[in-house]
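Q: Please model the entire structure based on the sequences and the hints provided.
With the numbering used here, the residue at position 38 of the sequence shown is 38, and numbering never jumps.
Since the hints were made in silico from the structure, they are not lab data. This structure is a prediction, so every number in the text was calculated from the model and none was measured. Be aware that one or more of the hints could be misleading.
[What the hints assert, rightly or not] Pair ranges (Cβ atoms, derived):
1) A138 with A37: 36 to 44 Å
2) K133 with I87: 15 to 23 Å
3) L127 with Q91: 20 to 28 Å
4) K207 with G110: 13 to 21 Å
5) Q88 with N172: 32 to 40 Å
6) N172 with A98: 18 to 26 Å
Positions of the beta carbon are idealized from the N, C-alpha and C atoms, including for glycine.
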Amino acid sequence: MSRHIVRRTLLLAALVAGWALPAGAHAAPVDTPREAAQEPAPCAKLTAGQVRFPAADAARVVFVTATDFQVNTVLITGCARGPDGYIQEWQAAGFVGANGFAPEGALREGQYRSPTGSFSVTEALGLANPGTKLTYHAVNPRSRWGGPGSRSYNSYLEGGSRADENLWYWANQGTYAQAAVVNYNRLPDAPPVPGADYAIFFGAGNKVSAGCVSTTLETSTLVVKTLVPGDRFIMGVAADVFLPAPPSAAATPSAAAAPSAAAPPSAAAAPPTASALQVPLSTAPSQAQGAPASAINQPDLVPLGALLLAGGGTAVLVLLVRGRHKGRHLQGVHHL
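A: Right, here's the structure in full:
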């Protein structure tokens, strides 16, 4: 057999194999990361014990969560404890540090990021006391917040130096018109560590900050008025703050989930209705989980392509050569 015929036969075999295999079968699928998601129901997660950071015995918890560490827009949720757990009182949008959240324990001054974790609240400040049970500082022209090198580092003081934050200026700009103090890097949560950042407030202004939580004046005033000493802020990236729900009974294989032998085939193969899907979409296992989109619901043509490839084109070669040279013995085929 001529080299020309062999070359054409091998090329045809490769083309047939290419037609038979789906597109995703020629290369390993790329495992693209899932798009980060926000948690829409933090209070329910707290009641279910699916929050990584403790709420202690807080009567109210304010969640501040982003979809990723570099994201500075956040969902803010107010939760109140009731007889059956925490219920949602309100939700609002807001901002954190310009560069998003820092991982737990990693925040340093000058990063323009916000801290991750659970923090108590005991103090607030602003232009006038709205009627709060927190220790309240009505700011005046001498009001400062202790900055680097200050003996009152990360605490309220009057006087101070240029290294301290000018609360009077920022209050009149609207940022600290009403603000609750997040007890990050300060007592009573922990002794302050110089350089680990300071002046982390839940305030107004509704814009990105150097590390504070910023939302509308209405929301910041509500927080100052309703929180009491011992209530908490839980802050961070949603995937870092919340734990996944445990698998439900409906999601685990069991004898009850197997098709009944007495059931007709059509009933056993019927898809579940929407009311039967009790597991949230974010946690429900899927048969196509981890598979590339191009491979879902495609006809199973891999066996044909694999057969042709495994035979090195021999099957197609035999058919073509027999059709062209009827009655002739195929010599040298085993050398292909």
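Q: Against this structure, judge whether each hint is valid.
A: Right, here's what the structure says about each hint:
1. Distance hint for A138 and A37: a CB-CB separation of about 41 Å, consistent with the stated range 36 to 44 Å.
2. Taking 15 to 23 Å as the suggested C-beta distance range, the pair K133 and I87 conforms, at roughly 21 Å.
3. Hint check: L127 to Q91, Cβ distance near 26 Å, so the stated range 20 to 28 Å holds.
4. Separation of K207 from G110 is about 19 Å and conforms to the stated range, judged on CB atoms against 13 to 21 Å.
5. A hinted range of 32 to 40 Å holds for the C-beta pair Q88 and N172, which are about 33 Å apart.
6. Take N172 and A98: their Cβ atoms lie about 22 Å apart, and the range 18 to 26 Å holds.
In terms of the numbered hints stated before, the structure departs from none.
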